[in-house]
Amino acid sequence: MPEMLTLESFEEALKKVHEVTQKTKLIESPHFSNLTGNRVWFKPENMQRTGAYKVRGSYYKISTLTDEERERGLITASAGNHAQGVAYAAQRYGVKATIVMPTATPLIKVERTRHYGAEVILYGDVYDESYEYACKLAEENGYTFVHPFDDLTVATGQGTIAMEIFQELPLVDYILVPVGGGGLATGISTLAKLLNPNINVIGVEPEGAACLKASFEAGEVVKLDSACTIADGTAVLEPGHKIFPYLQKNLDGIITVPDDELVVAFLDMIESHKMVVENSGLLTVAALNHLDVKGKKVVSVLSGGNMDVITMSSVVMHGLITRDRIFTVSVLLPDRPGELVHVAQTIANVRGNVIRLDHNQFVSTNRNDAVELKVTIEAFGTTHKNQIVKALETEGLHPTVVAAQI
14 MPEMLTLESF
24 EEALKKVHEV
34 TQKTKLIESP
44 HFSNLTGNRV
54 WFKPENMQRT
64 GAYKVRGSYY
74 KISTLTDEER
84 ERGLITASAG
94 NHAQGVAYAA
104 QRYGVKATIV
114 MPTATPLIKV
124 ERTRHYGAEV
134 ILYGDVYDES
144 YEYACKLAEE
154 NGYTFVHPFD
164 DLTVATGQGT
174 IAMEIFQELP
184 LVDYILVPVG
194 GGGLATGIST
204 LAKLLNPNIN
214 VIGVEPEGAA
224 CLKASFEAGE
234 VVKLDSACTI
244 ADGTAVLEPG
254 HKIFPYLQKN
264 LDGIITVPDD
274 ELVVAFLDMI
284 ESHKMVVENS
294 GLLTVAALNH
304 LDVKGKKVVS
314 VLSGGNMDVI
324 TMSSVVMHGL
334 ITRDRIFTVS
344 VLLPDRPGEL
354 VHVAQTIANV
364 RGNVIRLDHN
374 QFVSTNRNDA
384 VELKVTIEAF
394 GTTHKNQIVK
404 ALETEGLHPT
414 VVAAQI
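Take 14 as the starting number for the sequence shown in the numbering used here and just add one per residue.
I should point out that these hints are in silico values taken from the structure, not numbers from a laboratory. Heads up, some of the hints might be wrong.
Stated by the list, open to error - As a list, the in silico EDC-like pairs of lysine to aspartate or glutamate whose alpha-carbon atoms are at most 20 angstroms apart:
| no. | residue 1 | residue 2 |
| --- | --- | --- |
| 1 | K109 | E84 |
| 2 | K236 | D186 |
| 3 | K226 | D272 |
| 4 | K206 | D238 |
As the list claims (entries may be wrong) - Label pairs and their calculated CB-CB ranges:
| no. | residue 1 | residue 2 | range |
| --- | --- | --- | --- |
| 5 | K236 | M325 | 41 to 51 angstroms |
| 6 | G130 | K307 | 27 to 37 angstroms |
| 7 | K403 | E142 | 20 to 30 angstroms |
Here the structure is a predicted model, which means the values were calculated and not measured. We put the CB at the ideal spot given by N, CA and C, even for glycine.
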């Protein structure tokens with residue numbers, strides 16, 4: 014293993030990153046504490062400058078470069094948040110930055126990266142393809158490459174989060190950390206173990222891109238064939254080779270989370286904390302339900318909040334459907350006056366709210382026998398949904414719950 018990261022190096026990094034970071038004080042969550050039986054706090058790096066924790070590692074790394082290395086121009090590959098961190102740091106130092114981003118990167122991350130003065134090149138379907146192209150450009154043009162995670166200096170900057178957590182909550186029992194390539198988890202877990210060897214640090218990955226779990230099981234770095242997840246910031250095919258030994262030594266476990274749980278977590282964070290957290294940052298929120306402990310002090314790191322409005326609206330809608338707060342029923346009715354009013358009144362009587370109607374007169378060759386009415390309804394949750402369906406059944410309308418019409 015390379016020389017271990019030291020407490021002194023983290024302390025030095027903390028002083029440096031505080032030149033540019035905003036205070037992201039812990040937020041206690043009564044809602045998630047009640048749900049899980051633990052005391053839960055969030056470390057809201059979604060409120061950080063540039064909207065994510067990445068500014069810590071990128072700024073610290075660039076601060077350690079020589080003037081000659083900076084003047085050659087900086088380049089990196091990123092799914093978005095590291096891009097903004099490098100672009101912001103480059104702007105602070107007055108040097109050029111080129112960022113290669115996957116073509117599917119949310120527009121908000123692309124535009125904000127350009128806002129800091131960087132040149133953005135969209136290339137590749139996933140981060141790993143962008144990375145290969147960025148390395149090619151670095152070699153051809155002599156740029157200085159700033160790796161988003163497989164760099165011990167970058168990881169040291171990210172790890173300053175752990176120092177801030179301990180300053181506010183010295184007796185923290187568990188820290189949950191999102192994992193993409195592993196830089197954040199390396200920094201936080203290494204420093205946390207230096208400060209308290211008994212603490213538990215758990216990495217959290219999306220099921221569709223669980224490269225670190227696969228690597229842990231194999232005992233060496235493994236590259237996935239593909240990554241498929243709505244958590245675009247953690248859609249990485251393999252963890253970093255340089256940092257992997259630190260992850261093996263300091264992480265106490267890995268939790269994987271399916272995408273549908275991220276959808277529900279987004280809704281919970283909006284309604285309970287009025288905070289926008291991107292899908293990768295929600296990994297640790299969803300993981301709270303997978304943590305098999307009670308009565309512990311748990312900190313979930315919310316890694317970022319850079320989410321475009323279109324994605325946000327889609328996630329909210331699917332979250333409402335998952336929670337049975339929006340659903341659609343199909344009923345067959347005789348084609349005669351008053352039938353639609355009968356359906357609407359039945360739903361209103363049990364406090365359901367009709368938000369969409371689709372009337373199909375051609376479901377049968379005999380319109381007088383039956384036409385199809387699809388009704389999309391807003392409810393308070395599963396119990397209320399079942400009450401509405403029961404009321405329709407009682408009226409002899411024979412409702413069938415179908416895929417929600419959104």
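Verification of the hints:
Simply put, K109 and E84 have alpha-carbon atoms about 8 angstroms apart, close enough for the 20 angstroms limit, and the pair holds. Of the supplied pair hints, the one linking K236 and D186 is violated, its CA atoms being roughly 32 angstroms apart against a limit of 20 angstroms. Between the alpha carbons of K226 and D272 the distance comes to roughly 16 angstroms, so the proposed pair stays at or under 20 angstroms and holds. Of the supplied pair hints, the one linking K206 and D238 is violated, its CA atoms being roughly 33 angstroms apart against a limit of 20 angstroms.
A C-beta distance of roughly 31 angstroms is found between K236 and M325, which places it outside the suggested range of 41 to 51 angstroms. The given range of 27 to 37 angstroms is broken by G130 and K307, whose C-beta atoms sit roughly 49 angstroms from each other. Checked against the given bound of 20 to 30 angstroms, the beta carbons of K403 and E142, roughly 52 angstroms apart, lie outside it.
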